[in-house]
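Residues per chain, in single letters:
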Amino acid sequence: MTEVNLTVNGRRVRRDVPDAMLLVEFLREELRLTGTHVGCDTSQCGACLVHLDGRAVKSCATLAAQASGGTVVTIEGIAGDELHPMQKAFNDHHGLQCGYCTPGMVMSGIDMVKRYRAAGRELTEAAIRAELEGNICRCTGYHNIVRSIRAAAAEM
Amino acid sequence: MYPVTYHRPASVEEALHLLAEEEEAMALAGGQTLLPTMKQHLAAPSALVDLAACGLSGIRAEGGGLVIGAMTTHAEIAASAEVAAHLPVLGLVAAGIGDPAVRHRGTIGGSVANNDPAADYPAALLALEARIETDRRVLAAEEFFEGLFATALEEGEIVTRIHLDPPKRAAYAKFPNPASRYALVGVMVAETAAGIRVAVTGAGEDGVFRHAGLEAALDAEFTPDAAAAVRVSPAGLAADLHASAAYRAHLIAVMAARAVAAC
Ligand SMILES: Cc1cc2nc3c(=O)[nH]c(=O)nc-3n(C[C@H](O)[C@H](O)[C@H](O)COP(=O)(O)OP(=O)(O)OC[C@H]3O[C@@H](n4cnc5c(N)ncnc54)[C@H](O)[C@@H]3O)c2cc1C
Ligand code: FES
Ligand code: FES
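So the sequences go chain by chain: A and B.
Under the numbering used here, the first residue of the first sequence is numbered 715, with each subsequent residue one higher.
Under the numbering used here, the first residue of the second sequence is numbered 36, with each subsequent residue one higher.
Extracted from the complex, chain B is given alone in its bound form (with noise of 0.2 Å):
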């Protein structure tokens, strides 16, 4: 690892102040994505600004939703009471990422941060409609995931907040990479009150996406042969020595059909 600065401040305010302070400086969340990063030296930021001492984790049931911390770790989302009751689908999406000593560091806010193609939160926040507060601001999920690794994050911006509010129904079907445990398809559907979402993850190009052609079948006829039955396009779908786009289409209806039982 190349040499940086470590910094531990008390306070978004002092965070912020550090991040826009140095140019290359970076957020450190649970580190499980940027450590190894930086081991490789696929990412040298001159400066780490470690968020945990900033009173950013905690999960608070408020207005029939939840609002999680950013530094909230995948373990406590997994274990949570709160999460069990409002949004038990949030626990198992938490329950089922990579082992549990990276469940022990990992974090929400550095996960959606870092938009991973084949990380589960972006889809599951997708699909929920959630909202991401920032220091700034307040993004609904659909404007703050982007593309592949990219968010609306402006430099120095932290995410601070997840908004959800529960849906009627929903869950999660994930084919994990064996070796890996991130997702080679994940599907999450959910119906909110806007309708049904069916999110994506693991499959696309670009990223985390919205499925219109599942979406409409399952908002014409809620059940798993409803998805079975759709023929998603290859088109725009990642191939890589994992799998080829055209497997990971035909995985895309398999999961969101077994999502769709599983409501």
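Next up, chain A with everything else stripped away, as it sits in the complex (with noise of 0.2 Å):
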């Protein structure tokens, strides 16, 4: 068992867990936060997105131990009182239909806004869809994603 000590949308957690617990299965069977998904076994389709100390990572593809000491915001903690701007677009432009994978889409979308406010470069529709390469959707055929993002983008 490891000592796993995280601060998770801004609420410090502990718990004793076994080593090779991932960080995907802290955050749902520990913490009960379950709007983080698992959509494959082999680490491409980005349903499992959470932010940790910033950065877009996959949580089916990091121990909670390597995580530990760190921050973690997940799908649940991203609103206030009001949607994310990034939530509200993808309702407006209706950028999801079965929702699994929205989640991580979500997430990435923040994420890459966030990275190309701050390296000064623009978000163009050729960038997003390349940004998108680790997030597989099934069902909406991406350009209602794409579209989200954008408008997002925008309100952020």
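FYI, nobody ran anything at the bench for these hints, they're computed from the structure.
Every residue, glycine too, gets a C-beta built ideally from N, C-alpha and C.
Just so you know, not all the hints are guaranteed correct.
With beta-carbon atoms standing in for the labels, derived distance ranges [claimed, not checked]:
hint	chain 1	residue 1	chain 2	residue 2	range
1	B	A247	A	T748	51 to 57 Å
2	B	R204	A	A841	26 to 32 Å
3	A	E717	B	E59	19 to 25 Å
4	B	H285	A	R729	50 to 56 Å
5	B	G182	A	L797	49 to 55 Å
6	B	Q75	A	T785	25 to 31 Å
7	B	E256	A	A841	32 to 38 Å
8	A	R843	B	E181	36 to 42 Å
9	B	E181	A	K828	39 to 45 Å
10	A	G813	B	A214	19 to 25 Å
11	A	E790	B	E181	43 to 49 Å
12	A	T748	B	L77	24 to 30 Å
Sample of chain A residues lacking proximity to chain B, with all beta carbon distances greater than 10 Å (derived) [said to hold, decoys possible]:
hint	residue
13	E743
14	L747
15	T748
16	E790
17	D795
18	L797
19	K802
20	N805
21	Y814
22	E836
23	C853
24	A865
Once you've looked at the hints, go ahead and assemble the two chains, each given alone in its own frame, into the complex.
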């Protein structure tokens, strides 16, 4: 067992868990934050995307122990009293159908908007499509996801 | 995943000690290859020695070249001002690896230690004549990359730093597998102090390799046409559900020509 200390969505948590526990298992099973999904076994779909110390990472390819000491933000942690602009944009632009990939898409969208802004680069439609390389959606065909991220970028 | 014991040592010395102590222990860097492999039960180390707190990350300009810590992530290399100033081609290679989340955790040390036959850095480091520093020695890329997932690393040996000198010119052209983004074929063309170097990844049955025919052709005439005219033999190239050996052979000349055009 290993002691994992994390700040998750602003709340400090401490748990003793098996060393082999993945961050996604820690979030879903220990903290019951089931908004973070598992969509594959090969680290390719991005449904499990969360922010660790301000960067988008696949929580299915990170051990809880590796993350210990860090700060995690999940889909449950981005809204205040109102939806986050990225969530609102997915709603307004029909950026989801079944919703399975959506938490990962939203976290990926927020990450790319922040990164491009920090680097002073324009987040073009082509850039959004390239940035979504690690997020797979089986329903939407991506067009409305791209539209949603563009719209949110203007609001953030 | 099978049970495993996790360690996060605070120095390379401590990490070496932990790796030596337990026979089935493995180093853990970004975990972007090792953790998925463990989930599939293709690797079952008894202990993981996380190198994150060993002070192995960072990029430094030194003597006109670059020294890159093994734990430096692909995203850090892609965004580095030092890399952009001294070795922009390496930044482009890093920016083309996998997807943003993989780049946020995957490291250059993990990639070279793993020596995946379709990985990007092995081709880049081989063509750029990089030197790979470990806890006990410095190896030329040529000696380091031995074959399919095989390197010159001994049991418990840790890659600590990568040393690179800027080439006169260089470019990398990759034909990514549309699903995985690994190289179906990737070709790094570089003109170093020693001459023209052409390194190929994704194609060799035995991992990354230099192509003598392309090097000779480009040495005689450094143009895309000269590269495209080389008949690459499919002998020794990989054939799988993604591509036949003959297709990979064709792609090598095409990618080499594109790299020359981008130099
Ligand atoms: C979806 C996906 C797409 C990808 N696409 C690409 C791609 O397009 N191109 C590409 O090149 N790669 C790609 N990768 C692989 C990625 O670049 C990995 O990050 C990299 O291969 C391994 O680096 P790591 O830091 O994650 O190492 P880990 O997974 O932690 O370790 C890999 C191996 O190296 C050993 N090791 C790690 N660090 C050291 C060290 N310092 N000294 C000695 N041994 C060490 C470990 O014991 C292990 O055996 C992809 C991965 C994923 C999941
Ligand atoms: S569940 Fe993490 S990438 Fe698919
Ligand atoms: S909305 Fe169903 S997978 Fe994306």
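>> Quick check for students: does the CB of A/E836 sit more than 10 Å from each CB in chain B?
In response: 16 Å, holds
> Would A/D795 pass as off the interface with chain B, using Cβ distances and a cut of 10 Å?
Replying inline: Answer for A/D795: holds, closest chain B Cβ roughly 29 Å.
> Does the Cβ pair A/E717, B/E59 satisfy 19 to 25 Å?
Replying inline: About 23 Å separates the Cβ atoms of A/E717 and B/E59, which means 19 to 25 Å holds.
>> Would the non-interface assignment of A/L747 survive a Cβ cutoff of 10 Å against chain B?
In response: 18 Å, holds
>> Using Cβ atoms and 10 Å as the threshold, tell me whether A/C853 really stays out of contact range of chain B.
In response: 18 Å, holds
> Per the hint of 50 to 56 Å, is the separation of the Cβ atoms of B/H285 and A/R729 within bounds?
Replying inline: Holds - the Cβ-Cβ distance for B/H285 and A/R729, about 54 Å, lies within 50 to 56 Å.
> Taking the closest pair, is the beta carbon of A/T748 still more than 10 Å from chain B?
Replying inline: Label holds. Min Cβ-Cβ 20 Å, cutoff 10 Å.
> For the pair B/E256 and A/A841, does the Cβ-Cβ distance stay inside 32 to 38 Å?
Replying inline: Given about 37 Å between the Cβ atoms, the range holds.
> For A/E790, is the shortest beta carbon distance to chain B beyond 10 Å?
Replying inline: The claim stands: A/E790 keeps its Cβ more than 10 Å from every Cβ of chain B (closest is about 19 Å).
>> Quick check on a hinted range of 19 to 25 Å for A/G813 and B/A214, using CB atoms only.
In response: The hinted range 19 to 25 Å holds for A/G813 and B/A214, with Cβ atoms some 23 Å apart.
>> Between the beta carbons of B/A247 and A/T748, is the distance compatible with 51 to 57 Å?
In response: Once the Cβ atoms are compared, 56 Å apart, the range 51 to 57 Å for A/T748 and B/A247 holds.
> Does the Cβ-Cβ separation between A/R843 and B/E181 fall within 36 to 42 Å?
Replying inline: Because 38 Å falls inside the window, the suggested range holds.
The earlier numbered hints are all upheld by this structure, with none contradicted.
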